[in-house]
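Produce the complete structure using the sequences and hints provided.
Take the sequence shown: its position 66, counted from the start at 1, is 66 in the UniProt record's numbering, and no numbers get skipped.
Because the hints were derived from the structure by calculation, they are not lab data.
Computed from a prediction, not measured in an experiment: that's the story for all the values here.
Beta carbons are placed, not taken as given, at the ideal position from N, Cα and C, and that holds for glycine.
One or more hints might be untrue.
The following label-pair restraints were derived from C-beta to C-beta distances [to be verified]: (1) Gly18 / Asp79: 31 to 39 Å; (2) Ala230 / Pro87: 33 to 41 Å; (3) Asp140 / Pro51: 24 to 32 Å; (4) Asp183 / Pro54: 41 to 49 Å.
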Amino acid sequence: MITVQTFGGPTALFEYGGLRFLTDPTFDEPGDYVSPSGTKLTKLAPSSGRPDQPIDAVLLSHDQHADNLDDSGRALLADVPLTLTTPDGAQRLGGTARGLAPWESITLGAVTVTAVPARHGPEGCEPITGEVTGFVLTADGSQPVYVSGDNASLERVEEIAERFGPIGTALIFAGAVRTGLFDGALLTLDSEQAAEAARILGAQQIVLVHFNSWAHFTEGHDALVKAFTAAGLMDRVQLD
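Take a look at the structure:
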């Protein structure tokens, strides 16, 4: 197991292979934020804190939405040696951002980071919700770490499990996100799907993120406890 510190929303800090990684940095205050599609996203609660140690790399699922990268998060990127994200996102961000296509890898010290597929909504959603990525980290002598990013597809999870499973630690973005897009279809996994994803991955440690602090999350702490308890996985879960 690894130690994972969560800050609310999708933002988590963990150390793996001697390096410190931060996921989707979001530290802005509560308020309304408009995404490129025109959808208004409302943040309800402040972050629980900020990292107090240097970060070696940011793992950014996508840059298009304020609940995954906000103004404070963008400012933080300037002080980080490397931000890994989608190819389109890296072009938009510039600086130290590097884009990885699905299944493309980069080696950082003892750690190999591989971009893995994610889909931010139903089939065909990409022209609206944009390109999104997850990540798998591997290192000799350590179990893999999976960061899902904003993903609503269990089929993508099955592909990842076939290549990398079983997973040691899975950071799963949950929350059953719904907006006015796609007639209210899920844009991330709901609680039962998150539990199924953990089962598919064979995850020994499950860290649930991206289920609180924003109004468009339709399932939170209680729904996740219910789903993971029913799946017999609650003893593996970190749910702050």
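Right, here's what the structure says about each hint:
no., hint, in the structure
1, Gly18 / Asp79: 31 to 39 Å, "violated, 20 Å"
2, Ala230 / Pro87: 33 to 41 Å, "holds, 39 Å"
3, Asp140 / Pro51: 24 to 32 Å, "holds, 26 Å"
4, Asp183 / Pro54: 41 to 49 Å, "holds, 44 Å"
Comparing the model with each earlier hint shows a violation of hint 1 alone; every other hint is respected.
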